[in-house]
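Enquirer: Listed here are the chains, written in short residue letters.
Number of protein chains: 6
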Amino acid sequence: MRILVVNPNTTATMTATIAAAARSVAAPGTEIVVATSRMGPASIEGYYDEALSVPGLLAEIADGERSGAAAAIIACFDDTGLDAARCMASIPVVGICEAALATAGFLAQRICVVTTLERSRVPIEHLVRRYGMGDRARVRAASVPVLALEDPESGALDKLRRQIEHALDDDHAEAIVLGCAGMADLAAALSRDYGVPVVDGVAAAVKQAEALVSLRLATSKRGTYAPPLAKSYAGMMEAFAPVDATPRLA
Amino acid sequence: MRILVVNPNTTATMTATIAAAARSVAAPGTEIVVATSRMGPASIEGYYDEALSVPGLLAEIADGERSGAAAAIIACFDDTGLDAARCMASIPVVGICEAALATAGFLAQRICVVTTLERSRVPIEHLVRRYGMGDRARVRAASVPVLALEDPESGALDKLRRQIEHALDDDHAEAIVLGCAGMADLAAALSRDYGVPVVDGVAAAVKQAEALVSLRLATSKRGTYAPPLAKSYAGMMEAFAPVDATPRLA
Amino acid sequence: MRILVVNPNTTATMTATIAAAARSVAAPGTEIVVATSRMGPASIEGYYDEALSVPGLLAEIADGERSGAAAAIIACFDDTGLDAARCMASIPVVGICEAALATAGFLAQRICVVTTLERSRVPIEHLVRRYGMGDRARVRAASVPVLALEDPESGALDKLRRQIEHALDDDHAEAIVLGCAGMADLAAALSRDYGVPVVDGVAAAVKQAEALVSLRLATSKRGTYAPPLAKSYAGMMEAFAPVDATPRLA
Amino acid sequence: MRILVVNPNTTATMTATIAAAARSVAAPGTEIVVATSRMGPASIEGYYDEALSVPGLLAEIADGERSGAAAAIIACFDDTGLDAARCMASIPVVGICEAALATAGFLAQRICVVTTLERSRVPIEHLVRRYGMGDRARVRAASVPVLALEDPESGALDKLRRQIEHALDDDHAEAIVLGCAGMADLAAALSRDYGVPVVDGVAAAVKQAEALVSLRLATSKRGTYAPPLAKSYAGMMEAFAPVDATPRLA
Amino acid sequence: MRILVVNPNTTATMTATIAAAARSVAAPGTEIVVATSRMGPASIEGYYDEALSVPGLLAEIADGERSGAAAAIIACFDDTGLDAARCMASIPVVGICEAALATAGFLAQRICVVTTLERSRVPIEHLVRRYGMGDRARVRAASVPVLALEDPESGALDKLRRQIEHALDDDHAEAIVLGCAGMADLAAALSRDYGVPVVDGVAAAVKQAEALVSLRLATSKRGTYAPPLAKSYAGMMEAFAPVDATPRLA
Amino acid sequence: MRILVVNPNTTATMTATIAAAARSVAAPGTEIVVATSRMGPASIEGYYDEALSVPGLLAEIADGERSGAAAAIIACFDDTGLDAARCMASIPVVGICEAALATAGFLAQRICVVTTLERSRVPIEHLVRRYGMGDRARVRAASVPVLALEDPESGALDKLRRQIEHALDDDHAEAIVLGCAGMADLAAALSRDYGVPVVDGVAAAVKQAEALVSLRLATSKRGTYAPPLAKSYAGMMEAFAPVDATPRLA
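Chains as they are written, first to last, in our numbering: chain A, 1 to 250; chain B, 251 to 500; chain C, 501 to 750; chain D, 751 to 1000; chain E, 1001 to 1250; chain F, 1251 to 1500.
These are computed hints drawn from the structure, not numbers from a lab.
The reader is advised that the hints may include incorrect statements.
BS3-like cross-link-like pairs, simulated, lysine-lysine; straight-line CA separation at most 30 Å [claimed, not checked]:
1. B:Lys471 with A:Lys159
2. F:Lys1471 with E:Lys1159
3. E:Lys1231 with F:Lys1409
4. F:Lys1471 with F:Lys1481
5. E:Lys1221 with F:Lys1409
6. B:Lys481 with A:Lys159
7. E:Lys1159 with F:Lys1481
8. A:Lys221 with B:Lys409
9. C:Lys731 with D:Lys909
10. D:Lys971 with D:Lys981
11. B:Lys409 with A:Lys231
12. B:Lys409 with C:Lys721
13. B:Lys471 with B:Lys481
14. E:Lys1221 with D:Lys909
15. D:Lys971 with E:Lys1159
16. C:Lys721 with C:Lys731
Note that the coordinates shown come from a computational prediction; the quantities given were computed from them, not determined experimentally.
Model the full structure from these sequences, guided by the hints.
Expert: The structure is reproduced here in structure tokens:
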């Protein structure tokens, strides 16, 4: 079983962190293939970056499906482009936010998502509500830019720890969700230090993708995620135009 | 006061309908400028089309702001790219779904949105909930492709009327919202025929844009809609990279 | 286009503040007519005052409609009597709370309403939820009586500023809504000082009323806002009795 | 223990039905005193009638409290003026809608309220949501004017029965709430006929009022229901002006 | 009228407190019969204890019904086993949490439940939401084990008072609900000290049980609370097997 | 990795169906151990059966944990005893309803749960809301007793199919969830026949349990699911008393 993990942030070093996290939990028969998007922002911080990362992300997923991936994972905690990818692809597509929240939901009642920047808080709160965790999960921002997570000198980890401590002490959080793909390597140590489950979305999504493939389940093509209709796509987007009922990407 | 109305569907005939609706309600001092996006699907039907229409849409809004528009309107009922546009632009940006729902909210308690295809129903239901109308507004799909609205032979109007009748009789709707920019020319006649307010989002958005400009109010740049941070944007998206704190588009 | 603004607080000096705010944003062709209710409390603070201000308010709106007003505005942030007025009147009626929240909703995700007294907090929270902003807007009370807003020596402005600062710092508010008609003159200065949109409901309502009239839209008379039925009204209320399907007020 | 039941509909024959229902369930030591409001509409049908019935209703409750009532009941299913009455009175005040819903909540999971006219449906739905029963209770209107309930020839009972049957068969209702004080005499027979609990709000409110008095509990005077502040009340409303911290009505 | 109050905590001294609270508010014609469950934990603290207390509780309610009780009360604030008891019994069954919340709802808009241990907070929050008070009631835990409430040296009362003070000052609570049957003797004194209604669920439930019996209303046997079907019950549970459509317990 | 699947229905033939479904999707390294509860009803139909099945279920999970199971699954769609089991056990515990809903949530927007009897509908609707799917998932009952699913002559499958057809045609469902462990063998055929994902909770729960174990995540022991406190347990329940902070079952 080949699972594609796409990093829609166009920063290859970040993809390495994601790949390691994915591989560390993959089942014996699972091959993890990672791809860094070739179009879009170096890091996804807020709605503008998110929107501009989608075409590059969709191209990687289409490539992956053609190359035989059994499922795809979008490794950005905003679940960027997830709905569009589900319309386009025949294989299951999993977002790391929804995977992390679903996983944490099996482990605890009160959950705190700790993310990077304040500007990402409302977008993630919208996801939390859409995934039905509005009563259980709260979002905190550590004021850490995404790429600072890669720099041990940045003080990012300390800021993250401070928010986790507030979540445990002030919000009565029972489990922590790491709100950025770039935090994927921190879950185990933080869980040990704080004595509560700390969920990384990349690892969680790998298990959900494996689960869906094992269960022989794929995205419903009835209603919301029906394949895109054949039509012309103007300008640089022509490459993305589905030319028949089975969508195809150049 | 110049107001830019962008049609993110790349179909110029549809833009003509939108322009007429916008101009018919504009205040004496308002200049309506319309733009058809040059990148993306001919019609926006579902999440895939929506995602791929965003870059082209953002380019038009950036152009418009540089050319002196005081506000921008996104003329697609999915409010495609609205959050991203609000991050990018300094001028207010209004979506036609949010404008139509807000307007209908001043007129009636129970509202029914009649849209085109079944695949657009869940995306619009998400907007309805996000805009806080989940208890008041219901969404019906007329099984009419967007571009069929331009063809009087297509039977589209009859299908639309049938859903309005169901809304009034079965859902106790007190006002109707037309759930597609391509329906902008139908509001007056339908309102007359059915004796209830029928709200077109394009016209509603023009008045909201005028209102915001008159009130000297613009998008908050604190938190969610803070300007994009300076960073590199890979591939064809480089043009969209903000190069400093004041976002700028090539 | 003549727009009637009714102050249901029976304090004429407060009406002057309201009138100035309304006129400062009215479109060139709009005539603002103001009326101070002649029955009811000097200031509306809590549910008791609100209930007793309604008959006087309705009388002014009925008068205004007979005199040719194209729309009416209720200038009390509790949206006092709004549903009753919509049943009675043929012209559109706009409340300043709903207008302010709808306007702020186009500008920011997290909103804070700053109102006068603690006793007004729950009534406004009910409106916030009813208008679908329960997830986005929070209400703070500045412990300022309504009429203290007219007295520069009262310290009211300082208390108001302190709550705005808490809203920005503690609640991550991105926009402020002024929760009392008597604050209508403060919006511009507060917005300049704090660098976020500050929305005054009186000004917002003027633009919404102009919008509805321009769009040729009026309250739906189907269902909730059907005209009152002809029946006898006992005691001093007889004056309010609708005598036929077209309601009429003495 | 004396309990005042106020009929805010100014129709004395309706008060007789209400009085009989109240007395039939009162505890041995309870004296039921009934009052028909002397100001306002003959029947309360929709928001306009509701608003105009409040001053007369408040006057009766103030009279009742002065005459030694231990609690007051508002016998209109819209819970007309309930919040205002709670601010004004020192004694507990109970609405028949909230009493009926609370009572039905002890008996069944799915509840259907059957009310009179379509125009009352949305007001009652707002109460249902405000009282936290939005997930459990549905509202149906029988197209029966309030006073038709007094006329055995009107066919009102048949229409009511038809809606109860729809509620049981189509909505899986497990209990019925009668959504008008004028239906108070029908509960026992309908319950027998349909084999499910049928709750009348007047009777339910008597038991709630007795309960609050027995428990020595009264409305909290902290926050929302703080006593009205001393201030001038203009026009015919002067009679309602509280002249000191302990509100007093002429 | 005989009302059975079951203490599902198997601690007889706690039952004495409960009995006194129940008797102090019972109507003249009401006989209060108390029972301490003979199976299950000494005190119910969290979901595990709750689950294990249910069989013993059901046995007491079945016994009580056979002995002529007209209604039953479950005297644990988790409303332990309430749904199961309603299926089994023909007589009405009332939980002290639902009774307390319904009662407080007639008295105040913002409510705070003060319970014992942190582990009980989420279970009670689930009840608060299920009973529709999610917007009005907040839950605080005083870090007091249930049985410490019986020990004047334990400092429990001080901890409880501290949470009440936080509720009033920080949460703007207008009424307090005591979140444990073992606090039943404290309501009057705390209400006097803090000047707000303090509701004890045991007393509240007695009045609700009396009310339902007076109103001749019992649990709907349609749908959710239909009597258990006849079937075999394995192991020690055989005693609980209903042997025909009218459930019967050995 | 050993995963325990407990059937809390005390019917061994039903356990066989469950075991086959679990084994058909287990990963190569997973050993599925099944247990039929030895205490409680033959089939769980409604709240009464549910409550009485919990002690037997807990005993099996405690046994399983002592025997080295790495995770436990509760194979009843009511997620019977799930919260109690999570308090008691150190290993992760998964309910089949929560697993099925989480899985379906990755595949479709509108979901329909088809369950057995009408009396199970409200309990499952409560779970749907608690798991945050209230806006996405609807529950239908096929009027099929649990054990009739084992009898091909019972017509159960036809009734089930009819509800699936209603869900697809009338509710616009995009995926189906089978709402009873006894339907575990039907998913593949129904999915093939109707062309939408059909999710069986037993299979889904196996994958979730494997995922949690692989991720080295277990139930948070902070707050809601803290281990039961040491205390005496009266009567037949003594066996369940935790005697120290690490809960232990005889």
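Enquirer: Which hints from the list above does the structure break, by number from lowest to highest?
Expert: Hint check: nothing fails, all pass.
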